[in-house]
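**Q** Residue numbers (my numbering), protein chains in the order written: chain A, 17 to 573; chain B, 13 to 371.
Worth flagging that the hints you see were computed from the coordinates, not collected in a lab.
The structure displayed is predicted, hence computed values, not measured ones.
Incorrect hints may appear among the rest.
Claimed, not checked - SDA-like cross-link-like pairs, simulated, lysine to any residue; straight-line CA separation at most 25 Å:
#, chain 1, residue 1, chain 2, residue 2
1, B, Lys27, A, Pro412
2, A, Lys25, B, Arg132
3, B, Lys43, A, Gly91
4, B, Lys43, A, Trp167
5, A, Lys25, B, Gly135
6, A, Lys527, B, Gly38
7, A, Lys514, B, Arg70
8, A, Lys466, B, Pro81
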Amino acid sequence: MAASLTLNKITSQKGISIGEAANRVADLGWTPSYVQEAMTFPTDYKISRVPRDPMKQVLRSYFPMQEEKDNRVYGALDAALRGDMFRNVEPRWIEWMKLFLAIIPFPEISAARSMAMVGRLAPGEELRTGFTMQMVDELRHSTIQMNLKKWYMENYIDPAGFDITEAAFGKCYASTIGRQFAEGFLTGDAITAANIYLTVVAETAFTNTLFVAMPSEAARNGDYALPTVFLSVQSDESRHIGNGHSLLMAMIHDPSNHDLLERDLKYAFWQNHAIVDAAIGTFVEYGTTNRDKTKESYAELWHRWIYEDYYRTYMLPLEKYGVKIHHDDVAAAWDRIVKKDYVHLTAQFFAVGWPVNFWRIEAQTEKDFEWFEHKYPGWYAKFGEFWKWYAKLSKPGETNILFNGDVGYVYPHRCWSCMVPCLIREDFVCDEVDGKMYTYCSEGCRWTHKVAFGGEYKGRPTPAMGRFSGRREWEDCYHGWDLADAIKDLGFVRSDGKTLVPQPHLRFDTKDMWTLDHVRGHTLGSPLRGFRALKAGAERDAAVAEYRKGFTINPVH
Amino acid sequence: MEETVSTAQATQPVKSGAAGAAIFPGSDSRKFNYFEPKGRKATHYEDVTVDVQPDPERYLLQDWIISFPDGTPTYSKTWTKALSSDWHKFRAVDQEWERTHYQRQSTICGMVQGVIENARKSGAPKRFDKAWVKVLQDHLGAYKHAEFGLGTSMMQAQRYGYTQMINTAILTNSSYKMRFAQDLTIYLAEIGLDVEGFDTGAGKKHWLEDPIWQGVRKSTESIMGATDYLEQYLATNFVFEPLVGELFRSGFIMQMAAGQNDFATPAVVAAAEADYERNLANSVELFHILTTDKQHAAHNTALFNGWMKKHAELAAAAANGLQPLWSQPRVKVFSFADAQAQAKNRLESICSEVGLAVP
Numbered sequence: 017m018a019a020s021l022t023l024n025k026i027t028s029q030k031g032i033s034i035g036e037a038a039n040r041v042a043d044l045g046w047t048p049s050y051v052q053e054a055m056t057f058p059t060d061y062k063i064s065r066v067p068r069d070p071m072k073q074v075l076r077s078y079f080p081m082q083e084e085k086d087n088r089v090y091g092a093l094d095a096a097l098r099g100d101m102f103r104n105v106e107p108r109w110i111e112w113m114k115l116f117l118a119i120i121p122f123p124e125i126s127a128a129r130s131m132a133m134v135g136r137l138a139p140g141e142e143l144r145t146g147f148t149m150q151m152v153d154e155l156r157h158s159t160i161q162m163n164l165k166k167w168y169m170e171n172y173i174d175p176a177g178f179d180i181t182e183a184a185f186g187k188c189y190a191s192t193i194g195r196q197f198a199e200g201f202l203t204g205d206a207i208t209a210a211n212i213y214l215t216v217v218a219e220t221a222f223t224n225t226l227f228v229a230m231p232s233e234a235a236r237n238g239d240y241a242l243p244t245v246f247l248s249v250q251s252d253e254s255r256h257i258g259n260g261h262s263l264l265m266a267m268i269h270d271p272s273n274h275d276l277l278e279r280d281l282k283y284a285f286w287q288n289h290a291i292v293d294a295a296i297g298t299f300v301e302y303g304t305t306n307r308d309k310t311k312e313s314y315a316e317l318w319h320r321w322i323y324e325d326y327y328r329t330y331m332l333p334l335e336k337y338g339v340k341i342h343h344d345d346v347a348a349a350w351d352r353i354v355k356k357d358y359v360h361l362t363a364q365f366f367a368v369g370w371p372v373n374f375w376r377i378e379a380q381t382e383k384d385f386e387w388f389e390h391k392y393p394g395w396y397a398k399f400g401e402f403w404k405w406y407a408k409l410s411k412p413g414e415t416n417i418l419f420n421g422d423v424g425y426v427y428p429h430r431c432w433s434c435m436v437p438c439l440i441r442e443d444f445v446c447d448e449v450d451g452k453m454y455t456y457c458s459e460g461c462r463w464t465h466k467v468a469f470g471g472e473y474k475g476r477p478t479p480a481m482g483r484f485s486g487r488r489e490w491e492d493c494y495h496g497w498d499l500a501d502a503i504k505d506l507g508f509v510r511s512d513g514k515t516l517v518p519q520p521h522l523r524f525d526t527k528d529m530w531t532l533d534h535v536r537g538h539t540l541g542s543p544l545r546g547f548r549a550l551k552a553g554a555e556r557d558a559a560v561a562e563y564r565k566g567f568t569i570n571p572v573h
Numbered sequence: 013m014e015e016t017v018s019t020a021q022a023t024q025p026v027k028s029g030a031a032g033a034a035i036f037p038g039s040d041s042r043k044f045n046y047f048e049p050k051g052r053k054a055t056h057y058e059d060v061t062v063d064v065q066p067d068p069e070r071y072l073l074q075d076w077i078i079s080f081p082d083g084t085p086t087y088s089k090t091w092t093k094a095l096s097s098d099w100h101k102f103r104a105v106d107q108e109w110e111r112t113h114y115q116r117q118s119t120i121c122g123m124v125q126g127v128i129e130n131a132r133k134s135g136a137p138k139r140f141d142k143a144w145v146k147v148l149q150d151h152l153g154a155y156k157h158a159e160f161g162l163g164t165s166m167m168q169a170q171r172y173g174y175t176q177m178i179n180t181a182i183l184t185n186s187s188y189k190m191r192f193a194q195d196l197t198i199y200l201a202e203i204g205l206d207v208e209g210f211d212t213g214a215g216k217k218h219w220l221e222d223p224i225w226q227g228v229r230k231s232t233e234s235i236m237g238a239t240d241y242l243e244q245y246l247a248t249n250f251v252f253e254p255l256v257g258e259l260f261r262s263g264f265i266m267q268m269a270a271g272q273n274d275f276a277t278p279a280v281v282a283a284a285e286a287d288y289e290r291n292l293a294n295s296v297e298l299f300h301i302l303t304t305d306k307q308h309a310a311h312n313t314a315l316f317n318g319w320m321k322k323h324a325e326l327a328a329a330a331a332n333g334l335q336p337l338w339s340q341p342r343v344k345v346f347s348f349a350d351a352q353a354q355a356k357n358r359l360e361s362i363c364s365e366v367g368l369a370v371p
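Whole structure, please, built from the sequences with the hints as guidance.
**A** Below is the structure:
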């Protein structure tokens, strides 16, 4: 018997190579001569070179590959249920998934939409095939994540918050921050949005913390579903990174694009840092019960994925084309994470705002304190008392921590640019744009609103660039409202009409749960309105100086 | 029962994170509760689709937060001239979401590859009638570009719809068109390996230069160049597909092939007909909702009739341009007149379903 006889050998026949197939597929396009395609999503960039598709994949191999990946994902979800995953899962972790999974399907589908914006811009057709696959990938990501959320809702002990997910996405202050990330993909200058912000920065750099670092933490908390879904999602990202890099390379040779490239790399990096690090940093550090001191902290993960992987190996080589890289911002972002407690301050803010969340947050405990102190020396002195307050005030009947004057927490201003509050007090800045006063968390965010999103950049008109719009300060939407009425309007009330969806603990007994009556009697207000009412000059300067001094949490008595 | 669980927990905290481990307000709320399902219960498609693209008129408290420089928000109703009293009503008839989409696309890829492999293994392309080989090379080769053009047109259109349901239906339509354009491209390249002198570049030349194809190209480019996404969607599925696409695919290629010793091409092309049935069902559902809208029926009907007329004129000219093709195969089994009669019937039945005038 011929030992080397295989089915492949029996059935094989001469075919065309993948490279040849990809070349033929790339030749499907043509330049219309009867009716021109309208450039409905303009850009201020010039694209003179034909971008190349580095992936050389065709749909005939793409669809079966994706189906196979899906089969593994859905099979794993079934296996997780059969293995009784939810008996051992950590509710502290799953609760944060109510927020994360409320946000993420919209950025994903926005990325699908944004492929329309770059599809017509690039000369040649080769990359259009890549964009098509990315478009379908993003539909995959959006609906596979919606499916995961539905699955958590059906199988986790407390489905409240999952059940209202897309409505909550529209109303919650925290999900609006995620929406800033998503709308950045598909609104304004087509290259700024769909190429630099989405593929070059968000997908190349920050999906690693989102879709690789975070799933590892999920697994440590008994959640095998999230890694299964998100690592499968991440496996599509390499193609998207290829699309982004290829289009970038088609523009970078033209020096007239360099100013805009520098603007957009800076804006996209800073905003991705401000938004993604706030959210994912909190999930990874505060959503976990695993306090293994040998595992990497979020700061260490950031150094690996953002600093080493993105900044050193992807961004720095761009300098040889004459593009100036924003080194200072990378250093500043690193300092915000390791020296200025950005993630810890964000987690603290989420906890203070628990009554207007749609998920539960439980207090950090002694075990957590020890880990934080080990990874971030000095943490306990800054945050220990706060979390003790939080535990103490988690019982219904206490004055909730948002309005409890004994704690010493001072409610922050909101950043008009990234929409995360201005949590690093010493970095707080304000400025006027078009005659109106705004507050920002950092110089990078002030620059983003005032300079990057303007009608011109470095004296050059930028008619395609987007604008900030909408009711960007969440607190303004409920200015003057009673907290209980605001929660009702948000829809964050359980099916009995009185118990809150959010709870400041993980106790699943009815008697431990807060109701509307427990939070009534406190009035919400807009910090920005108050700030704008200050007289320009000494009065405002004094307020800024006072804000920058920060606050001290009082000892728990 | 509830009383007992509650007492037990007072002394022993819940250890399990599984559904049913404790009973408390909201612990049985295991369905998405923020939208009205079309039927009695929400389908899986609805659960993973509805409201993912938000709307300030539903839950978007802070409104869209980035705008285009002229003030147009991230999504705008002004991106089509059509009006609706409820853009959220539409549900795709094919209920596609990622899993079903990949399953179907992957099945088609497998089927097409299997057909081609078997045909080539049995030496079939060598036995295709010589005149027919030239038809495939020049004209099926030209037609693949029309499919690609419509696919990219819908890739553009899926950015503009006001709801996730509309955009997903257009996105999957684009995906089907792109796959079919590639199916044809690779199929022709593969049979080209078996047929001496087969010129895989001829199709594009005919597409760009042959007078037979210029009407089709003009019709396709008119859809690609339309700036109203619903005009693109309507013109593709209600006009181009029946009058040109099906006419060529079913009324010519699939009818003629067997008589020219070709059993492979109809199977490859048949996938597109099945795709079209689904895309047509989705678009009929959407446009029917709009032509029967309680406030805007008359406006929409007049608008769509205008689009139908504009694109039907182009498509009719395109179809007439193709007529010489029916005399090219050596064995003639189906006439252009028969094919066109079928196309007209199809158009009439679409118009009657949606409530539009036959152009």
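**Q** With a cut-off of 25 Å on the C-alpha distance, tell me whether Lys25 (chain A) and Arg132 (chain B) pass.
**A** Within the cut-off at roughly 16 Å; holds.
**Q** Keeping to a limit of 25 Å between CA atoms, is the pair of Lys25 (chain A) and Gly135 (chain B) held or broken?
**A** The hint holds at about 18 Å.
**Q** Does Trp167 (chain A) sit within 25 Å of Lys43 (chain B), going by the straight-line distance between their CA atoms?
**A** Judged against 25 Å, a Cα distance of about 10 Å means the pair holds.
**Q** Does the alpha-carbon distance linking Lys527 (chain A) and Gly38 (chain B) stay inside the 25 Å limit?
**A** holds (14 Å)
**Q** When you check the alpha-carbon spacing of Lys514 (chain A) and Arg70 (chain B), does it fall within 25 Å?
**A** holds (23 Å)
**Q** Against the 25 Å threshold, does the CA-CA distance of Lys27 (chain B) and Pro412 (chain A) hold or violate the hint?
**A** holds (22 Å)
**Q** Taking 25 Å as the top limit, are the C-alpha atoms of Lys466 (chain A) and Pro81 (chain B) close enough?
**A** Since the Cα atoms of Lys466 (chain A) and Pro81 (chain B) sit roughly 14 Å apart, the hinted pair holds (cutoff 25 Å).
**Q** Assess, step by step, whether the Cα of Lys43 (chain B) is no farther than 25 Å from the Cα of Gly91 (chain A), and give holds or violated.
**A** Roughly 22 Å between the alpha carbons, so the hint for Lys43 (chain B) and Gly91 (chain A) holds.
Of the numbered hints given earlier, the model fails none.
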